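Number of protein chains: 2
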Amino acid sequence: MVKIGITEKKDENFSEWYTQTVLKAELIDYSQVKGFIILREYGFSIWENIQSILDKKFKKDGTKNAYFPLLIPESLLNRESEHFKGFTPEVFWVTKTGDNDIENKLAIRPTSETIAYESYAKWIKSWRDLPLKLNFWNSVLRAEIKDTKPFIRTSEFLWQEGHTAHETKEEAEKQVNVMLKLYKDFVNEYLALPILTGKKSDKEKFVGADYTLTLEGIMPDGKALQMGTSHQLGQNFSKPFEISFLGKDEKQHFVWQTSWGVSWRLMGALIMIHGDDKGLILPPKIAPIQVVIIPIYYDEGKKNEIIKVIEKIKEQLDEKGVRSYVDSSEQHTPGWKFNQWEMKGVPIRVEIGPKDLDNDSLVVVKRNSRDKKNIAISDNPADSIIKELEVIQEELFESAKMKHSEMIFKSDEYNELCNRLTNDRGFIKSAWCGSRECEDKIKDETGADVRLIEDEAISSSCIVCGNDATNSVYFAKSY
Amino acid sequence: MVKIGITEKKDENFSEWYTQTVLKAELIDYSQVKGFIILREYGFSIWENIQSILDKKFKKDGTKNAYFPLLIPESLLNRESEHFKGFTPEVFWVTKTGDNDIENKLAIRPTSETIAYESYAKWIKSWRDLPLKLNFWNSVLRAEIKDTKPFIRTSEFLWQEGHTAHETKEEAEKQVNVMLKLYKDFVNEYLALPILTGKKSDKEKFVGADYTLTLEGIMPDGKALQMGTSHQLGQNFSKPFEISFLGKDEKQHFVWQTSWGVSWRLMGALIMIHGDDKGLILPPKIAPIQVVIIPIYYDEGKKNEIIKVIEKIKEQLDEKGVRSYVDSSEQHTPGWKFNQWEMKGVPIRVEIGPKDLDNDSLVVVKRNSRDKKNIAISDNPADSIIKELEVIQEELFESAKMKHSEMIFKSDEYNELCNRLTNDRGFIKSAWCGSRECEDKIKDETGADVRLIEDEAISSSCIVCGNDATNSVYFAKSY
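Those sequence lines, one after another, are chains A and B.
Our numbering numbers the first residue of the first sequence as 1 and each following residue consecutively.
Our numbering numbers the first residue of the second sequence as 1 and each following residue consecutively.
The hints are simulated quantities; they were obtained by calculation from the structure and are not laboratory data.
Source: prediction; values computed, not measured.
With a straight-line cut-off of 35 Å between C-alpha atoms, the simulated DSBU-like cross-links for lysine-lysine are:
id, chain 1, residue 1, chain 2, residue 2
1, A, K57, A, K429
2, A, K149, A, K441
3, B, K64, A, K133
4, B, K181, A, K320
5, A, K60, B, K60
6, A, K9, A, K410
7, B, K366, A, K125
8, A, K125, B, K10
Model the full structure from these sequences, guided by the hints.
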């Protein structure tokens, strides 16, 4: 018999645990083409929740949605040369339609800067057209040669990419920071995930950006996961794409630009950090089903009464906007259902059996702690359940913060840094002089990158070369 | 000076009028690659409204969303041979990633039947897994060799494709009809567009379907526009893809399938039918902006008072869920703004000037009829405006129905049919024997197709060959 639940322990074989969880909880399935995955309905509804919350936040910030074509002419991709060099090794090229060769091959978008900015140059004429703030929810393709991993590293991924143009450098700068904060608040509040934020090193920044701000999560294996980025593009694209405007001073200026994005990687982080040996644990605020109600009866005795009570509770939950589901299927035992819904990470399970009915009582089981609690059927159970959902959201964030801080170490001794990065797990905070040489040396010796640079200047010496350090940085290996 | 408004008359040069309207109302722009368009923010927000209404309707019918990969292996596309033959001439092929050739070329999805059904075969085991009803909002690519036209004929288009699997032929049949009705109700109620519905001829049906039900709109030039389809796929895919299940009878059966879709063509129909020489006319139920409020002042005199009144009205409209926008920009005259918002098709314009203020009066102008009406500022203007929006929605549908019925003719005489189809515009209803020969003969002589077959059997003789006819059909030229 096929074992239905997760057969690997998260602590023992994290990678296999992850793969089993995303497959068995029916979030995804593999496609025939290597590196491509199918987002199944349960996974998609988590993505829909993420989308709908972020979309409202973007619109509140004055960004509007649009759609740009999938295919980009090579000449356009080529126009900003650093950007082109960065992306071309990963590009999927279209060279034929039907049986005919195409004269100039077309790239499937790896990101839309170039095709969007070609249009921005047409649309922007005067300072009155600024800021222009657009966002695209789409999928992009980047051929992955390394091992792929669902949500984390796939050749196609769902994401959003925002692209703004501004009159001044300062306004673009402000937008870059507004988006970083918007992402951070979302990740903390809805996904219940702590993150570190800061600047990328020049080596790690987006190709074509002046600088990149990043959100970095720490996964249970101690590796970094880049969960979102916000780029100051400066005038690096506006000059080659000739996006200029007539300023208030009656002179022509090039616009200042930003781009920013998050992808379904957010779902990967969510699964990795909150999940346990039983499977997913979803934060209530983004769970497709927040409460699953399971009737328990072994004969027809109290069946109708139980069903009536459940219908009433379901109705109360519906009214208050709680997403609930009644699993009254007959082909499985209650025990089987408990396991199934635990694997799918539903925050709260409600059980009602004949004895509970006699005691005016429901059993409420929390997915995260597996605590059980009895609440009175007659005493407005929907309100108690809503309170429990809030508590769970809070508890998940607290527990994630605990794990997060246990993964961060400080070091001011080079050998200790290398040892930690080689043998242990986590983020190491150290002082760095800012040179590519020292960054590369650590990469060569340990495989770790500079994940982010903290904003504050420090007076200390570089952990690698001993020269004056400019900033504190976090080193870690990454996905 | 560039003329800002639409310079062509809808009646005189319909095609040029259409192109100017979609460009100048800023719904779309052209991309560098022929046949590809950019859906700009104003156009996208119409699409978002269409999406959000349909999405709710799909979910109510038990369909869930998912995402399938963009790229399909040739071998998979090949598995249902008719389907493959139908689509391969239009397929965009990916043959390289970076500098490397791909061993087996990959198709950019022209539609997702094949890639989805490969997975359905894995997921469906028992009758308990049925029905499986999934929908994908995505874009598909089909190389257009004919002249392209925004929304109507483009090499990439936004759409939704639903794919369901059922236990029995009857259930699939029911689903095909449920979807046709869902689309029809949506098009009538929200887009205020009348349509004809019926079955496609075998020649015109979806490649791989048993039969196709269609929604056909009649455009102002008398041409047919296929606005949506719902296909009974029978077991044509389930057999080659081996999608089988253990039935209640403990035997293995192949599933019965349907697929159905609508695209941004709906927007094309909307623009063509409702628009006038001034530009777009949007039905209130899907207009991104339902009410535009324009303050009128030529000096500072009553400016503050006017602004205060407008803010209050805007607040009332917000509260009641009316999508409104205040155009208080200073660089344009009120007259310029009137033209601009008329071109963009906003259903209601509200004007307030100093004299109106003195008279406790607002001017409300309807975009469709251009009727003006005064309503009292003090007398709950939001309610009156909401009533006007409902009236406009109704008027647009009535006027579209009138134009629609004027385009339908009956004929039982072959020469008359050919004359009408060659020289006049519109749909001709006639009796047909069902033979491909007669269908082809009309196509050859007039360029018209069988657009749809009515369900009812008739006793009459075929307009082409004079043999016994089976059904009434509509002939028309098409986009």
